[in-house]
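Colleague: Below are the chains, spelled out letter by letter.
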Amino acid sequence: MTPPLEWYLVFSALLFAIGVVGVLVRRHVLVILMSVELMLNASNVALAAFSRYLNSMAGQVFVVFTITVAAAEAAVALAIILALARHKDTVDVREMDILKD
Amino acid sequence: MPVSWWPIGLFFIIVAGFAATSLALSKLVAPSRHNEAKAETYESGIRPLGEAQQRSDIRYYTVAMLFVVFDVEAIFLYPWAVVYDRIGLYGLIEMVLFIVLLVGAYLYAWRRGALDW
Amino acid sequence: MGSLFTGALGAASVSLPQPNLLAISPVIALTVAAVLVLGCVIARPLIRGVVYPVIAMAGLVAALALALIQLGNRPVTTFSGNWRTDAFSLFFTITVVIAGILAVLISDSWLTENDVPQAEFYAVLLCSVIGAIVSASAYNLIALFVGIELMSVPTYILTGFAKHNRVSNEAALKYSLLGGFSTAILLYGLTWTYGVTGETGYPAIRGFVGNGQGGFHAAVLLASMLVIAGLGFKIAAVPFHMWTPDAYQGAPTVVTAFMSVSVKAGAFAALVRILTDAFGGIYRDWSPILIVIAIVTMVLGNVVAIVQNDVKRMLAYSSIAHTGFMLVGLATWNPGNAVGVSGVLFYAFAYTFMNLGAFGMLAWLEAHGAGTGIDDVNGLFSRAPLAALGFSACLLGLMGFPFTVGLPAKVFVFQAAAGGGYVWLALLSLLLSAVGAVYYFRPMVRMFMHEPKVVLASPRQTVMAVGLGVAALGTVLLGVLFSPVFDLAQRAATGG
Numbered sequence: 001m002t003p004p005l006e007w008y009l010v011f012s013a014l015l016f017a018i019g020v021v022g023v024l025v026r027r028h029v030l031v032i033l034m035s036v037e038l039m040l041n042a043s044n045v046a047l048a049a050f051s052r053y054l055n056s057m058a059g060q061v062f063v064v065f066t067i068t069v070a071a072a073e074a075a076v077a078l079a080i081i082l083a084l085a086r087h088k089d090t091v092d093v094r095e096m097d098i099l100k101d
Numbered sequence: 001m002p003v004s005w006w007p008i009g010l011f012f013i014i015v016a017g018f019a020a021t022s023l024a025l026s027k028l029v030a031p032s033r034h035n036e037a038k039a040e041t042y043e044s045g046i047r048p049l050g051e052a053q054q055r056s057d058i059r060y061y062t063v064a065m066l067f068v069v070f071d072v073e074a075i076f077l078y079p080w081a082v083v084y085d086r087i088g089l090y091g092l093i094e095m096v097l098f099i100v101l102l103v104g105a106y107l108y109a110w111r112r113g114a115l116d117w
Numbered sequence: 001m002g003s004l005f006t007g008a009l010g011a012a013s014v015s016l017p018q019p020n021l022l023a024i025s026p027v028i029a030l031t032v033a034a035v036l037v038l039g040c041v042i043a044r045p046l047i048r049g050v051v052y053p054v055i056a057m058a059g060l061v062a063a064l065a066l067a068l069i070q071l072g073n074r075p076v077t078t079f080s081g082n083w084r085t086d087a088f089s090l091f092f093t094i095t096v097v098i099a100g101i102l103a104v105l106i107s108d109s110w111l112t113e114n115d116v117p118q119a120e121f122y123a124v125l126l127c128s129v130i131g132a133i134v135s136a137s138a139y140n141l142i143a144l145f146v147g148i149e150l151m152s153v154p155t156y157i158l159t160g161f162a163k164h165n166r167v168s169n170e171a172a173l174k175y176s177l178l179g180g181f182s183t184a185i186l187l188y189g190l191t192w193t194y195g196v197t198g199e200t201g202y203p204a205i206r207g208f209v210g211n212g213q214g215g216f217h218a219a220v221l222l223a224s225m226l227v228i229a230g231l232g233f234k235i236a237a238v239p240f241h242m243w244t245p246d247a248y249q250g251a252p253t254v255v256t257a258f259m260s261v262s263v264k265a266g267a268f269a270a271l272v273r274i275l276t277d278a279f280g281g282i283y284r285d286w287s288p289i290l291i292v293i294a295i296v297t298m299v300l301g302n303v304v305a306i307v308q309n310d311v312k313r314m315l316a317y318s319s320i321a322h323t324g325f326m327l328v329g330l331a332t333w334n335p336g337n338a339v340g341v342s343g344v345l346f347y348a349f350a351y352t353f354m355n356l357g358a359f360g361m362l363a364w365l366e367a368h369g370a371g372t373g374i375d376d377v378n379g380l381f382s383r384a385p386l387a388a389l390g391f392s393a394c395l396l397g398l399m400g401f402p403f404t405v406g407l408p409a410k411v412f413v414f415q416a417a418a419g420g421g422y423v424w425l426a427l428l429s430l431l432l433s434a435v436g437a438v439y440y441f442r443p444m445v446r447m448f449m450h451e452p453k454v455v456l457a458s459p460r461q462t463v464m465a466v467g468l469g470v471a472a473l474g475t476v477l478l479g480v481l482f483s484p485v486f487d488l489a490q491r492a493a494t495g496g
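Protein chains in written order, with the working numbering: chain A, 1 to 101; chain B, 1 to 117; chain C, 1 to 496.
If you are wondering where the hints come from, they were derived from the structure by calculation, not from laboratory data.
It cannot be assumed that every hint is accurate.
[What the hints assert, rightly or not] Think about it this way: if two alpha-carbon atoms lie no more than 20 Å apart in a straight line, the pair counts; the simulated SDA-like pairs of lysine to any residue are:
| id | chain 1 | residue 1 | chain 2 | residue 2 |
| --- | --- | --- | --- | --- |
| 1 | B | K27 | B | A16 |
| 2 | C | K163 | B | T62 |
| 3 | C | K163 | A | L78 |
| 4 | C | K163 | B | K27 |
| 5 | C | K453 | C | A388 |
| 6 | C | K163 | A | A72 |
| 7 | C | K163 | A | V20 |
| 8 | C | K163 | C | E113 |
| 9 | C | K453 | C | I374 |
| 10 | C | K163 | A | A75 |
| 11 | C | K163 | C | E366 |
| 12 | C | K163 | B | R112 |
| 13 | C | K453 | C | A384 |
| 14 | C | K163 | A | A85 |
| 15 | C | K453 | C | T372 |
| 16 | B | K38 | B | D57 |
| 17 | C | K163 | A | V93 |
| 18 | C | K453 | C | N334 |
| 19 | C | K453 | C | G379 |
| 20 | C | K163 | C | P117 |
| 21 | C | K163 | A | A83 |
| 22 | C | K453 | C | F401 |
| 23 | C | K163 | A | H87 |
| 24 | B | K38 | B | T21 |
| 25 | C | K163 | B | I58 |
| 26 | C | K163 | B | G50 |
| 27 | C | K163 | A | L82 |
| 28 | C | K163 | C | N114 |
| 29 | C | K163 | B | A16 |
| 30 | C | K453 | C | V411 |
| 31 | C | K163 | C | D115 |
| 32 | C | K163 | B | L101 |
| 33 | C | K163 | A | P3 |
Just so we're clear, the structure is a prediction, and the values are computed from it rather than from any experiment.
Taking the hints into account, I'd like the entire structure generated from these sequences.
Modeller: Given below as structure tokens:
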């Protein structure tokens, strides 16, 4: 017995929601970055599930590209965090307040 | 389909049961005497030194990042490898171009000193 | 793509599509240039000097030429339907390549004077231009996603390019985190589009979505809303604009000049294409939402810009306001009224000159030792008359003053709104662009009427002056000779 598509979609929606809440609520930049990754992986779960149930390979191709793009984005974001942490010994977004109105 | 999965279910039950039984038995049977040496971090008999939370060298980051990027790029090789004999010369040229770009990126990282330790 | 791989796994033989290489030739030219620039780093002991900007410029000019020669051709769909080169994509290709050329011209002096790695700057800049072209030419959700990311991720790097400047770092961090957030939202929207329709190609999605009478309408709506939100971040539409002022202010000014026009153009191209093509059948659903977004974007951008005391931040809010004006053209689109979209295209083209020129002038001021505060422009006319005139031309263009390209750009968009039955929206936009006069005139008054406060150093900035001259002259000349560009924009919008 394979689980119905809905299970995967609910799981993916939960992951996505956890990611959104994480980005909005958490104050540690690395946790925010992880939350973004969680959101991207929510899409990956849904894409793979759709691909399986629609019998179409496009979803899996999409997943491959998503993983690559997520890695590139994470690498860039981490490099930026590193550059910032060298100047300012913090990873708390509340303390990143040079730029504001 | 569900029927064929029961050995795995049984396996999990046995594993969980064994762990629970062992823990419960030792709790019941073994004498409990606390002392300071026992509360220390277990380091295979050596006395622990320093803090557990150490800063790792920043150079690990560069290497880790390069690994992640190249590792992930490599997943494009898998779909190609599955069908490479059916997509002929065109597919081969595409993949050679792709790998040439990757090698270029690698050479670049090397020349920029990202691999110097 | 989907059918290709399914076939590959199922059947014995696979027929790979013959790609049309001419269609992607601008991208090939830029890729070769980017690889060559990095190749010069690999062969560093052999090559030094001004080679990087020359290679970047050669690639951009080649890409421009390759896009121009295709203008008269029939639309080409290639790479298994992933890629579409038509008047629309070529129009945006030309726009972002021009943005790249101007950016290379104005950033030369900043790069040489600030000891930042040049090769990386040009390579990353070229990648972002490639991404914008891919976004505009994508005819498939996967290609769209890759294009948007290839356009955005390099701009995060560029924003943080002043590595030893904390402001630049902080701006880059905010931009990359919120950019990643928006990417994830966009991707979730694309995922649902694929899941509901079972397709990734725009024509097939359009066929499935129909006019919204079919099943799964709620899911299609959800998907299109997520796509609008995700791309709304990239074009800096309210309420997805939070990153814009910080990223624009914190980034090196030459980078702000580039990304404020090219990312906006690329993301607008993607948004227009996916909404009018894939989701064209349900325009009755997305159009009201875009109208609301357009209104709040125009209001917030224009009103908050008034109270800014830093010209760079003021221009950042003004860029939000311009997103609102452009959205008016898209929001009033319907299958029988494509004039608005041609207005959006023309606006994006005009904006490239005006805004790149305005930010470029700030970079010029910085190169001469001034800041970007409102006092720093005091008395510029008495010190550097040409610079003051060029800056004024760009500001007047952004305002929509007669004899600048800003006026026809606004007129075309607002006319389309009125023609589509939204006379009130056109009037509101007109009113709000009049508000713009308040804050665009402020630095101008100071340039011409006030006493100089800052003493300008006078290094020779020939290359930069050429770039700024092209931007300012383009703003003025296109204001008079706009019809060829507008004809092209019209052809692009109607699917020529």
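Colleague: Hint numbers the structure violates, sorted upward?
Modeller: 4, 7, 16, 18, 22, 24, 26, 29, 30, 32 and 33
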